[in-house]
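**Student:** Between the sequences and the hints, there should be enough to build the whole structure, so can you do that?
Numbering-wise (this note's numbering), the sequence shown opens with residue 70 and increments by one.
By construction, these hints were calculated from the structure, which means they are not laboratory data.
Any given hint might turn out to be false.
Stated by the list, open to error - Between beta-carbon pairs, the in silico distance windows are:
1. Ala210 with Asp151: 20 to 26 Å
2. Asp123 with Asp208: 18 to 24 Å
3. Pro84 with Asp122: 36 to 42 Å
4. Leu178 with Asp122: 24 to 30 Å
5. Gly106 with Tyr179: 30 to 36 Å
These figures come from a predicted structure and were not determined experimentally.
Note that the Cβ used here is the ideal one computed from N, Cα and C, for glycine as well.
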Amino acid sequence: MAMDDGQWGSRALEPLVLVDERGERTGVATRAACHSGEGLRHRAFSVYLFDDDDRLLVHRRHDSKPLWPGFWSNSCCSHPLDGEGLDEAARRRVVEELGARVDVRPIHLYEYRAEYLDVGVEHEVVTVFVGRIDPTELDPAPEEVS
70 MAMDDGQWGS RALEPLVLVD ERGERTGVAT RAACHSGEGL RHRAFSVYLF DDDDRLLVHR
130 RHDSKPLWPG FWSNSCCSHP LDGEGLDEAA RRRVVEELGA RVDVRPIHLY EYRAEYLDVG
190 VEHEVVTVFV GRIDPTELDP APEEVS
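**Tutor:** As structure tokens, then:
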């Protein structure tokens with residue numbers, strides 16, 4: 070699988086946290102390196118946001134995303150940068166992707182690995198967060214959400 074730095078644009082060199090099977094830090098690698106070849110196990114998070122009627126907010130990934138473009142996904146997902154806490158990273162990305170400030174709390178941890186065609190791979194230890202959102206506060210970033 071060939072994932073070149075250009076497919077990640079300005080985020081190719083972001084320092085992601087490499088982890089062991091328990092989610093303990095083992096080092097750092099770029100976003101592009103983590104998603105290339107066989108994939109490097111790294112830390113990630115997945116956010117599930119619910120409104121007051123317990124409806125789950127999902128979004129469609131932008132068509133420019135290198136992995137799973139146009140696919141329906143959770144409310145928000147990404148990676149903490151090196152030196153950034155998971156809670157802090159989850160809140161940051163909800164603002165960047167959805168334009169809303171939310172409180173989130175972790176509820177689960179799991180590992181998965183998935184290949185996307187011949188483009189790249191995810192190999193992540195994922196912390197799942199949940200939170201509440203007022204849908205009227207949403208202002209999705211057009212480069213993130215279709």
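**Student:** Within 18 to 24 Å: is that where the Cβ-Cβ distance between aspartate 123 and aspartate 208 falls?
**Tutor:** holds (22 Å)
**Student:** Please test the hint of 20 to 26 Å on the beta carbon pair from alanine 210 and aspartate 151.
**Tutor:** holds (23 Å)
**Student:** Given the hint of 36 to 42 Å, is the C-beta distance from proline 84 to aspartate 122 inside that range or not?
**Tutor:** holds (39 Å)
**Student:** For the hint 30 to 36 Å, verify it against the beta carbon of glycine 106 and that of tyrosine 179.
**Tutor:** Once the Cβ atoms are compared, 22 Å apart, the range 30 to 36 Å for tyrosine 179 and glycine 106 is violated.
**Student:** Kindly confirm whether 24 to 30 Å is satisfied by the beta carbon distance between leucine 178 and aspartate 122.
**Tutor:** holds (28 Å)
Of the numbered hints given earlier, the model fails hint 5 alone.
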